[in-house]
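Asker: Residue strings, one per chain:
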Amino acid sequence: MNIHEYQAKELFDRFQVPSPIGKVASTPEEAAAAAKEFAGAKLVIKAQVHAGGRGKGHFKNGFQGGVHLIESPEQAAEFAGKMLNETLVTVQTGEAGKVVRKVMVAEAVDITHEYYLAILMDRSTSRPVIVASTEGGMSIEDVAHNTPEKIIRQFVHPILGLQAYEIRKLAAALNLHGDLAKQFGKLLSNLYKLFISLDCSMLEINPLVTTPDGRVLALDAKFGFDDNSLFRHPEIVAMRDKEEEDPREVAASEYDLNYIGLDGNIACLVNGAGLAMATMDIIKHYGGEPANFLDVGGGASKEQVTAAFKIILGDPNVKGILINIFGGIMDCNVIAEGVIAAAKETGLPIPLVVRLEGNNVEMGKATLKASGLNIVSADTMSDGAQKIVAAVA
Amino acid sequence: MAILVDENTKLLVQGITGSFGARHASLSLDYGTKLVAGVTPGKGGQKFADFVPIFDTVAQAVNETGATASAIFVPPPFAADAILECVDAGVELVVAITEGIPVMDMMRVKEAMKGSKSRLIGPNCPGLVTPGRGEKSHGGCRIGIAPGYIHKRGNVGVVSRSGTLTYEAVWQLTQLGYGQSTCVGIGGDPINGTSHLDVLQMFNEDPETEAIIMIGEIGGTAEVEAARWAKENCKKPIAGFIAGATAPPGRRMGHAGAIVGGEEDTAQAKKRILAECGIAVAETPSDMAKTLLELWGK
Numbered sequence: 011m012n013i014h015e016y017q018a019k020e021l022f023d024r025f026q027v028p029s030p031i032g033k034v035a036s037t038p039e040e041a042a043a044a045a046k047e048f049a050g051a052k053l054v055i056k057a058q059v060h061a062g063g064r065g066k067g068h069f070k071n072g073f074q075g076g077v078h079l080i081e082s083p084e085q086a087a088e089f090a091g092k093m094l095n096e097t098l099v100t101v102q103t104g105e106a107g108k109v110v111r112k113v114m115v116a117e118a119v120d121i122t123h124e125y126y127l128a129i130l131m132d133r134s135t136s137r138p139v140i141v142a143s144t145e146g147g148m149s150i151e152d153v154a155h156n157t158p159e160k161i162i163r164q165f166v167h168p169i170l171g172l173q174a175y176e177i178r179k180l181a182a183a184l185n186l187h188g189d190l191a192k193q194f195g196k197l198l199s200n201l202y203k204l205f206i207s208l209d210c211s212m213l214e215i216n217p218l219v220t221t222p223d224g225r226v227l228a229l230d231a232k233f234g235f236d237d238n239s240l241f242r243h244p245e246i247v248a249m250r251d252k253e254e255e256d257p258r259e260v261a262a263s264e265y266d267l268n269y270i271g272l273d274g275n276i277a278c279l280v281n282g283a284g285l286a287m288a289t290m291d292i293i294k295h296y297g298g299e300p301a302n303f304l305d306v307g308g309g310a311s312k313e314q315v316t317a318a319f320k321i322i323l324g325d326p327n328v329k330g331i332l333i334n335i336f337g338g339i340m341d342c343n344v345i346a347e348g349v350i351a352a353a354k355e356t357g358l359p360i361p362l363v364v365r366l367e368g369n370n371v372e373m374g375k376a377t378l379k380a381s382g383l384n385i386v387s388a389d390t391m392s393d394g395a396q397k398i399v400a401a402v403a
Numbered sequence: 038m039a040i041l042v043d044e045n046t047k048l049l050v051q052g053i054t055g056s057f058g059a060r061h062a063s064l065s066l067d068y069g070t071k072l073v074a075g076v077t078p079g080k081g082g083q084k085f086a087d088f089v090p091i092f093d094t095v096a097q098a099v100n101e102t103g104a105t106a107s108a109i110f111v112p113p114p115f116a117a118d119a120i121l122e123c124v125d126a127g128v129e130l131v132v133a134i135t136e137g138i139p140v141m142d143m144m145r146v147k148e149a150m151k152g153s154k155s156r157l158i159g160p161n162c163p164g165l166v167t168p169g170r171g172e173k174s175h176g177g178c179r180i181g182i183a184p185g186y187i188h189k190r191g192n193v194g195v196v197s198r199s200g201t202l203t204y205e206a207v208w209q210l211t212q213l214g215y216g217q218s219t220c221v222g223i224g225g226d227p228i229n230g231t232s233h234l235d236v237l238q239m240f241n242e243d244p245e246t247e248a249i250i251m252i253g254e255i256g257g258t259a260e261v262e263a264a265r266w267a268k269e270n271c272k273k274p275i276a277g278f279i280a281g282a283t284a285p286p287g288r289r290m291g292h293a294g295a296i297v298g299g300e301e302d303t304a305q306a307k308k309r310i311l312a313e314c315g316i317a318v319a320e321t322p323s324d325m326a327k328t329l330l331e332l333w334g335k
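These protein sequence lines map, in sequence, to chains L and Z.
Here the first sequence stands for residues 11 to 403, where the numbers follow the numbering used here.
Here the second sequence stands for residues 38 to 335, where the numbers follow the numbering used here.
Fair warning: there could be bad hints in the mix.
Just some of the chain L residues that point at chain Z, by a computed CB distance under 10 angstroms [claimed, not checked]:
| # | residue |
| --- | --- |
| 1 | 168 |
| 2 | 169 |
| 3 | 289 |
| 4 | 293 |
| 5 | 335 |
| 6 | 368 |
| 7 | 386 |
| 8 | 390 |
Derived BS3-like pairs (lysine-lysine); straight-line CA-CA distance at most 25 angstroms [stated by the list, open to error]:
| # | chain 1 | residue 1 | chain 2 | residue 2 |
| --- | --- | --- | --- | --- |
| 9 | Z | 173 | L | 294 |
| 10 | L | 375 | Z | 173 |
| 11 | Z | 308 | L | 294 |
| 12 | Z | 335 | Z | 173 |
Derived by calculation from the structure, the hints in this document are not laboratory data.
Glycine included, every Cβ here is placed at the ideal spot set by N, Cα and C.
Extracted from the complex, chain L is given alone in its bound form (with noise of 0.2 angstroms):
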């Protein structure tokens, strides 16, 4: 799940990890009450949404940028008005745009230099490690493309955790020093453990800055949580914005499908994720675009089987479904049953083809051919890409 700015703010202020101040607003008035407690320090006004490209996008009533620099307190109030409960169109939301319901202002800092900091969880050794780099604010996959010394990594004990000279080291190949190396180090070390306490799987700032009146900020920040995690931490997923997201991604998440949408035309319907993943291939192999990402997981109910047909169903670019089950333990016949069912109460507008293998099996196909409904039956996998991808064509 991601998080807005200003919600990214409140952990680093939690965590005391120093960032430019700033406060969120759902109303223009609360927008020039902030403008007015921050009074004398240069302000700037940042539409809330999940998506980047903000500054340079534009409002669907014709408001130009979702950010601003403000002057006044009324200037904040008057550039919130155009902001909130407006459509933000960028580069990153599509056409559709985001609805922005929040805005912040913040202070617009000056920087002196802009620095990379990263803590990732690193798969290969099972262990966080921190990325660096004096090439702050672009691209750090460039960087790491152009100039892969410029990229400083720091592996940390899983147990013993963030060590001073560990700090130190990173800190000297940024060449930070005196106060600001100090001030750093304070900041790296309560990264880490908001990174370990809120069961990060990766926190980017990009760019931690200096600035010319000699502080270290973070000024732009992304967050990954551990899925897995979130059940330690309500906080986080009191956080989570079902509006930024896919809302057909929010209904699957309802009923513990695990959905992701894609642009094709050809949805699926597979039980266990490498399955799931393996089917949209051999669509793609075959000729056709998957249209969905769909893992019913290991022992789907009837109830989920229906909502996974209403989910595909409500995309209006599906113009075929193939189902394909690996019914190890599972009753080929209880799937087959819960596909008449989901069926028969959704409707059958266009072409459905069923593989089903494994326990029972036979029964599940004869079951499916007696219902009566059009649906196409396939003996493997190859076999029902090839006959879906047909039947769409």
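With chain L's structure known, arrange chain Z on it following the hints.
Answerer: Only chain Z this time, still in chain L's reference frame:
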């Protein structure tokens, strides 16, 4: 021979009184596996299926029954503790079926297991099966959640991150008349106990295993490391498949570990490297067994 487990392996199940654990403990018994103990804290003294003793602790179960392998079905918040309890009790093979264990918990467990005599398989895995010699492979060792009957005793080793994709490969082999030595599901999480490489090394040493199917997916570099090792060291034919060629970058595809992070962990990059290392890469998941048999000269 086979690897890791055989028909004489004594198994205990942690979380045997939960519905998931109980169901699969029953299926292992039906398959002929030597299930000798269950562990559920607070339920020591009871019996599972009228004859399998239940203990409060793993140490008691090991001392009383001589169990050397454990299948863990306990819920995610308690799973790391369950694994460490096995390490403490000296269980040789710990198979964590549980899906959804926090990654930080696994990071600490993995560090804590260094130097111990326990091997961890999983978590978030279907477990492993060494098929038996009876009808529908009955009499083998089934640890976890795989359907027993799809297997057949034979000479192909199978290793995979995914459950149902493993079943797919096993079923293709069995349908074509080729059995398996051992089938190992190493799990779909980013931090796991046993890697593709570990299992390839075991298959390479196992006289019963003559050929290997290795199934991987997007995310991480484990398949690539295994392939590079195999190129220099493995004497047996290997067929491979990598799932996720159509997965969008940056999205987690069901498995916590199935996410494309960089250029090297895409399906396309992995397939290319596997092929460069002499592994026959199946074009589609329907062709995994066929691809192996062609390479193997069968």
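Asker: Sort out which numbered hints this structure fails and list those numbers smallest first.
Answerer: 7 and 9
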